[in-house]
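**Student:** The sequence shown runs 1 to 493 under full-length UniProt numbering.
No lab work stands behind these hints, which were simulated from the structure alone.
Fair warning: there could be bad hints in the mix.
[To be verified] Calculated cross-link-like contacts (lysine-lysine; reagent style PhoX-like; alpha-carbon spacing at most 20 Å):
1. K231 / K295
2. K68 / K115
3. K230 / K335
4. K335 / K59
5. K295 / K258
[To be verified] Label pairs and their calculated CB-CB ranges:
6. D307 / K261: 16 to 26 Å
7. R60 / V177: 56 to 66 Å
8. E343 / E232: 21 to 31 Å
The beta carbon of each residue, even a glycine, is placed where N, CA and C say it ideally should be.
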Amino acid sequence: MGFMFKSLVEGFRSSKLSLGDDDSSPSSYQRAGRITNLGQPIYAIAVSPDGQMFAYGGKRGPEVRMLKTTSPLEIPDFYPEVYGAVTILHWLDENELLIGTALGFLVIWSENDEKFSLLARIRMPGSAEIISAASVAQGDGFRIVVGMLDCTVGCIDWCTRRGLVYMWNSWGQRSHVFIPRAVSIREDGSVRVLSLHNGKMFILDRETGNCIGSPMSFVDPIGSAAIDEKKELIAIAHSGGFTLHDPNSREGTVAVYKAEKSRTDLPKPIIFGEGRRVVIIGSDHGKAYVFNKRKGGPPVDTLVHSDDPTELVQSVATHYDGERSIILCATSSIKQPSISIWERTMPGRQGKRSQRPENHNPVKVNGDPTTLTVTSFLQIVVLLCILRFILEDAPIPPNVPLNVPPCPRSTPERSTPKKMDIYIPSPSDPLCCGFHWTDVPLRGDAKQNNDLKEARDCMVRSQMEIDGCLIDDVAQSIIDRSPSSDTATCTAS
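Let the sequences and hints guide you as you build the complete structure.
**Tutor:** Written out as structure tokens, the structure is:
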């Protein structure tokens, strides 16, 4: 029942984007702004889902700005010497930002009143560079899937409960047949993986991460890729050019995009834009290109980010609200890194939402908008009861492990959760977990707070199973164990 209501709401929200694929006109983007003196080459850029903020980052770490004014926002400390350069930026929602780094760290920031705070730091097994990420909302949290350069794909579930963060490692899969250059979460919960070196697509099981069926071959190799799970289309930038593929079609290749010839073999970004109607591609000569998704061929628009033919436009992001499209281009050049902002208003759509006929009446019952019949009243009561059941008394969804208490269905009051360092264990190696809390006293029990303080900075070696285990449960098990235990030794600092 809850899934049905969620689907109805999402369908209503996305209805404004259901436009024809051919609704695009050439030479329509205008440069709205440019940010220079960034002080670092940019390796990743992303716009928040509501279009209010954008994040970018490189060797010196991430930064966040308001999109309308480009004014910087307050962010927590970030240590690139420890975490490595920023390689992936991914918005979980309008407030939570996921940061992936070159040394295998996932850092999650949360925004409140235009100020970001640290939500969690996670170090993935192997500490390999994070090269792809995807997420999907579930309950009061998210499922996060990340791909790493050492052929590992990891799946992490987390949620908030009474102002605290609960996080657990669902599964991890190390493969010898794919390098996860791009990942996405399908509608059935399985994970789609595009491999960098051999150009193949793999499907991983949602519960175990094991491969399902046989891989499908596309092009070799894949420099970067964008996946449209709604229409099951895959745009790929590879050594031979830029192509669009349909994994369910016999032909396979749907369109070929013809841009200026590349002068290097460096990977170029490729993304979908304008409600998935166009494909946007970066370059190694200071330009970005906009293509009609289905037709392919030459670009319908060329965005000249820089007149320098050696500029590397290796980061591209976009936002579309049905009336206006925004494209951000960033360079990874060491000489003069910059970000350009491009804007386009959809033809004939400006102000369309607010246009209503003078006699427009949104509610009309039996010819009288002020009349509420007994039948309508009963329908409203039944609907409210169903909503209350969904929010409070619904059963545990199938993707939540049965051995852990489910997250509450209602959203708790926004508060600062405890910060923690989590070292996700490797499935094949002995567990070596480090838990570190700051701002610990978030509970009412004073003794429990003291116990947690004594357990901070405690390194535990054990063979205990952590999959599906809440971080709070692990912390309590650390406190309850004695130093003489055969399975764990804990010495408080």
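**Student:** Give a verdict on every hint.
**Tutor:** Right, here's what the structure says about each hint:
Note on K231 and K295: the hinted pairing holds, with a Cα-Cα distance of about 16 Å set against a maximum of 20 Å. The suggested pairing of K68 with K115 holds, with an alpha-carbon distance near 16 Å, which does not exceed 20 Å. Proposed proximity of K230 and K335 is contradicted: the alpha carbons are some 40 Å apart, above 20 Å. The suggested pairing of K335 with K59 holds, with an alpha-carbon distance near 14 Å, which does not exceed 20 Å.
A hinted pair counts as satisfied when its Cα atoms are at most 20 Å apart, and K295 with K258 qualifies at roughly 11 Å. At about 18 Å, the beta-carbon gap between D307 and K261 stays in the expected band of 16 to 26 Å. About 35 Å separates the C-beta atoms of R60 and V177, a value inconsistent with the hinted range of 56 to 66 Å. Checked against the given bound of 21 to 31 Å, the beta carbons of E343 and E232, roughly 30 Å apart, stay inside it.
Violated hints, in rising order: 3 and 7; the structure is consistent with all others.
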